[in-house]
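Q: Just so you know, the sequences run in chain order E and L. Quick note, the first sequence lines up with residues 1 to 529 if you use this note's numbering. Quick note, the second sequence lines up with residues 1 to 75 if you use this note's numbering.
Please keep in mind that the hints were generated in silico from the structure rather than gathered at the bench. C-beta atoms are modelled at their ideal positions from N, C-alpha and C, and glycine is treated no differently.
No farther apart than 20 Å at their CA atoms in a straight line, the calculated lysine to any residue pairs in the SDA-like style are these:
hint, chain 1, residue 1, chain 2, residue 2
1, E, K217, E, A203
2, E, K217, L, W42
3, E, K383, E, V129
4, E, K217, L, F44
5, E, K499, E, I488
6, E, K226, L, S32
7, E, K226, L, F52
8, E, K217, L, F47
9, E, K226, E, D303
10, E, K217, L, S36
11, E, K217, L, F46
12, E, K226, E, S459
13, E, K226, L, L41
14, E, K226, E, A73
15, E, K383, E, T180
16, E, K226, L, Y50
17, E, K217, L, G43
18, E, K226, L, F46
19, E, K226, L, P39
20, E, K217, L, L41
Which residues of chain L face chain E? A few of them, derived with a C-beta cut under 7 Å, are:
hint, residue
21, P24
22, L28
23, V31
24, G43
25, F44
26, P45
27, Y66
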Amino acid sequence: MNWVAIIVFVVLFGVVTIVGFLAAHWRRADLDVLHEWGLAGRRLGTLISWFLLGGDLYTAYTFVAVPALVFGAGAIGFFAVPYTIVVYPLVFLILPRLWSVAHRHNYITASDFILGRYGNRWLALAVAVTGIIATMPYIALQLVGLQVVIGAMGIGTGGGLAGDLPLVIAFVILAAFTYTSGLRAPAMIAIIKDTLIYITVLAMVIVIPIELGGYGKLFSAIPPNKLLLAPPTGNSLGLYSAYATLALGSAFALFLYPHSVTGVLSASSRHVIRRNAAYLNAYSLMLGFLAITGFMALAMGIDKMPEFAAQFAQYKANFAVPALILHAFPDWFVGVAFAAIGIGALVPAAIMSIAAANLFTRNIYLPFIRPDCTPQQEAQNAKIVSLVVKLGALVFIIFLPLQYAIQLQLLGGVWISQTIPAVILGLYTRWFNPWALIVGWLVGLVTGTAMVASTGFQSATYPLALDGLVVPGYAALYSLIANFAVAIVISAVLNPVAKTRGSDETVPGDYHIDPAPAAESPPPISATA
Amino acid sequence: MNGNTDSTSRKRLSRWWRWLLVLPFIALMWVSSYNSVEPILWGFPFFYWYQFLWLLITSALIIFLYYWTDEGSAR
Chain E
1 MNWVAIIVFV VLFGVVTIVG FLAAHWRRAD LDVLHEWGLA GRRLGTLISW
51 FLLGGDLYTA YTFVAVPALV FGAGAIGFFA VPYTIVVYPL VFLILPRLWS
101 VAHRHNYITA SDFILGRYGN RWLALAVAVT GIIATMPYIA LQLVGLQVVI
151 GAMGIGTGGG LAGDLPLVIA FVILAAFTYT SGLRAPAMIA IIKDTLIYIT
201 VLAMVIVIPI ELGGYGKLFS AIPPNKLLLA PPTGNSLGLY SAYATLALGS
251 AFALFLYPHS VTGVLSASSR HVIRRNAAYL NAYSLMLGFL AITGFMALAM
301 GIDKMPEFAA QFAQYKANFA VPALILHAFP DWFVGVAFAA IGIGALVPAA
351 IMSIAAANLF TRNIYLPFIR PDCTPQQEAQ NAKIVSLVVK LGALVFIIFL
401 PLQYAIQLQL LGGVWISQTI PAVILGLYTR WFNPWALIVG WLVGLVTGTA
451 MVASTGFQSA TYPLALDGLV VPGYAALYSL IANFAVAIVI SAVLNPVAKT
501 RGSDETVPGD YHIDPAPAAE SPPPISATA
Chain L
1 MNGNTDSTSR KRLSRWWRWL LVLPFIALMW VSSYNSVEPI LWGFPFFYWY
51 QFLWLLITSA LIIFLYYWTD EGSAR
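Please build the complete structure, drawing on both the sequences and the hints.
A: See the structure below:
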């Protein structure tokens with residue numbers, strides 16, 4: 001056991017716990033209403049929003065899995081970089097519209113918007129259920145990052161329930177401060193977490209290449225088949241089309257995830273989103289360098305070092321970055337770096353559980369189970385659901401093989417993409433018929449799932465055969481094309497029947513409104529009122 | 001009135017400038033154009049530094065669109 005690292009880790013975790021509970025007092029408001037608990041009152045300015053979105057989108061799982069993929073599979077793992085580049089023009093153009101319409105009508109989830117825009121509660125339900133199902137395995141995977149660093153400090157490597165105890169403790173802490181502080185907790189913690197992450201990555205990209213003799217030596221130590229994408233051979237586009245479609249498809253899907261929507265809607269104005277579309281690239285830069293740490297681990301042959309053999313057997317490629325940190329840094333800094341990854345798991349897990357709770361409460365519980373509940377009951381229900389969601393993720397990761405969570409997350413990306421026609425196009429046009437969007441969604445789900453199933457749930461890349469040419473590509477994008485085609489055809493058929501079109505409570509101006517940011521504290525009640 | 005027409009024409013202009021945001025998509029989706037080791041820059045193979053370069057270009061484009069076109073001037 002690495003005691004110095006453990007002490008540093010525990011102290012930083014303690015600080016974060018205190019901050020998580022104190023966050024309830026930040027710009028204090030009534031946390032018994034859902035938009036205060038679940039969206040921090042839509043009050044987050046550019047800087048805090050930057051930290052929150054950064055901490056939300058670049059998750060602990062990303063930090064472990066991206067370098068692990070580069071370590072294991074090479075250049076294809078770098079697709080995370082073009083993915084997180086092309087996502088920001090989309091954010092810049094599309095999401096201010098979602099923010100404005102949500103602000104105008106007090107929408108808290110994407111599904112709220114769907115109900116207002118299409119007046120069809122079944123379509124709203126489809127979007128809500130897809131969001132919740134796609135989020136659950138994502139939360140579970142956050143625990144993987146936590147599990148790996150706990151294991152790396154030498155705790156519970158033998159497995160068994162005692163080994164899971166630190167994980168359980170971390171999650172109880174997470175559940176408690178999320179319950180009391182809502183979205184304010186991850187917003188405040190994200191500031192600490194991201195600062196630690198930036199320090200860690202900066203240290204890694206400076207210190208480790210010095211040991212290796214510079215970046216030139218580092219890259220020349222990588223076998224050519226991993227350094228670049230294998231060029232197309234014969235009648236297949238090979239890794240080229242896979243790389244491009246994975247990046248593009250992931251970028252389109254990212255902002256459909258409930259935790260992204262929650263992060264975006266908590267911004268205090270549409271300008272916050274537009275500015276951060278430029279500034280969030282700093283995280284992509286860091287992610288790019290982090291991906292290269294996968295090559296550092298490879299160049300050092302870190303998996304061949306006898307001191308890490310046992311943990312590599314247990315955690316496989318996911319152990320590459322923790323091993324690199326253990327190898328390169330003194331124990332106290334190992335504690336800092338591991339705390340960064342560990343806390344890095346808590347921030348997105350908190351936001352995801354809040355987002356799933358908002359969805360369940362607003363779009364399933366309220367309309368289908370308890371239409372008469374008060375705003376206080378609504379917020380109370382969301383708080384309890386956020387606990388249930390986290391408990392589910394914890395049970396999942398402790399009792400089921402990790403492979404299931406990874407496969408479900410893979411499928412989750414394919415599924416969430418099927419809500420793109422309803423949500424994204426809905427921000428621009430009301431031409432699509434809500435029933436057509438439901439059928440399209442269903443077709444997309446089935447084709448996407450079938451494509452992933454045909455690879456034995458091993459990969460989201462499907463070799464599509466087009467007239468003798470094989471184009472391997474991201475199943476989410478392919479099934480989205482099927483979804484679109486069906487939605488267009490059925491809309492054209494159904495639209496002449498006015499009854500099927502549903503109502504629309506929004507007007508074109510709603511998508512551009514630009515109100516002054518919310519006051520720092522609730523306005524005082526005027527004496528003359 | 002004058003300020004009004006000024007901001008309308010600026011808005012119209014910014015719609016055209018927005019098409020610049022297509023560039024990162026074209027550059028990054030055209031994988032065969034950058035899947036090579038040479039030219040190496042500061043030890044980084046072309047494949048890697050080229051994508052880092054587009055990260056910076058995209059960020060700069062968005063900052064330009066924000067501050068020099070519609071939204072920045074509207075504030």
